[in-house]
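All chains, full assembly: derive it from the sequences and hints.
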Amino acid sequence: MNRLEATRIVVRLAGDAPIVASLGHPAYDLFAAGDRPQNFYTWGSMGVASSIGLGLALARPDLRVFVLDGDGSLLMNLGSLATIGLLQTPNLTLIVMDNEEYATTGGQPTPTARGADLAAAARAMRIEHAVTVRTEAELTTAITQATRHPTVIVAKVAESVPIAKPPLDCVFLKHRFMTAIGSDDPALNGRNSRAG
Amino acid sequence: MTTHTPQWAAGVCAGVHAAAIRDVVYVPDNPLSHVLRIFEQEFKDVRLVLATREEEAFGIAAGLYLGGRKPAVLLQSSGLGNSLNAITSLLIPYQIPVLMVISMRGDASEWNAAQVPMGRSLPAMLDALGISYSRVESADGAATTVQTAAETAFGTRLLHAVLLPRIMTSLAG
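Chains E and Y, in that order, are what the protein sequence lines are.
Under the working numbering, residues 1 to 196 are what the first sequence spells out, in order.
Under the working numbering, residues 1001 to 1173 are what the second sequence spells out, in order.
Simulated from the structure, these hints should not be mistaken for lab results.
Be aware that a few hints might be false.
[Claimed, not checked] Listing some non-contacts, in silico: residues in chain E with all C-beta distances to chain Y over 10 Å: (1) Thr104; (2) Thr144; (3) Lys156.
[Stated by the list, open to error] Heads up, incomplete: computed chain E residues facing chain Y, CB under 10 Å, no partners named: (4) Ile9; (5) Ser45; (6) Ser50; (7) Leu173.
Only a predicted model underlies this, so the values are computations on that prediction, with no experimental measurement involved.
Cβ atoms here follow ideal geometry from the backbone N, Cα and C, with glycine treated the same way.
What follows is the structure, given as structure tokens:
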């Protein structure tokens, strides 16, 4: 299973649910697998995707929130696992595309290439539902089962060369996303001048 | 340990609440412990979210905003350094507003030299980043300053910071 194939599975199973993607290859593959307004592509802030997803899941308990992270990115913000474990946010599914390398920057190996175990780290931080998957069938099962608990799915994927990139306009991406999930952004609405 | 309620801290809480903020993400410090306690005891409709690191706090706050909430982040001035990646490459370019409430170290009445370089340069760093800020000059002005700062942040969809000087937060009353 390569990352694009895994991403296609996530998009197919997500339905209308929001997906937050870490910068670089995870975001590029999300765009290639299926651009939709419920995708939130980050263009920076490496490491922070899981935190964005956590905040969104707290704000919107009516939605199931998916995060597409990378192994290098999650390693930059491991404290996020402790916070997810603390809050036990049931509607958050964090999928780590673990290719065991910093692919976006040229393929330098990450600590997971030498055995660092992100699913074990998640369990140690009280995220009980944390699994490592290696096939499309295992990934499908893990996502399907992850509906009632905070879940971390570490998907061991082969690197695949990105074939597309999402739009570059950050504010456009934000507005499109917020409108798609029904978050009110007052900036997008005119108002009666008598309202002050 | 006394549990008196400093007037400046009550004012911060009142200002945050009056600005319709119901989500407060924080990394604690000593003065902010008063703010957190008042939120817990007197503003039970405010959700307090502990983060392990200030950058994480800004990421969580960004997600809250995308979900339609108005978040505040409470941090010590030393935590701005931990936050720059999220602030400069997420909140600013995506125009995601957050009220920043910064408990100052390294300014007047500091005793720890290790706190001075970041505290002293924080206003210049905010200026360099283009982040507007207000300073709470006195305890009785805290509520108004904080509420106005929050309304500025969410009205303009730009980050806005409130600085709490140590000379005020370190006083007994």
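How the hints compare with the structure:
1. Thr104: holds (14 Å)
2. Thr144: holds (24 Å)
3. Lys156: holds (25 Å)
4. Ile9: Since chain Y brings no Cβ nearer than about 23 Å to isoleucine 9 of chain E, farther than 10 Å, the hint is violated.
5. Ser45: holds (4 Å)
6. Ser50: holds (8 Å)
7. Leu173: Holds - the Cβ of leucine 173 of chain E comes within 10 Å of chain Y, reaching about 7 Å at its closest.
Hint 4 alone, counting from the list given before, is not met by this structure.
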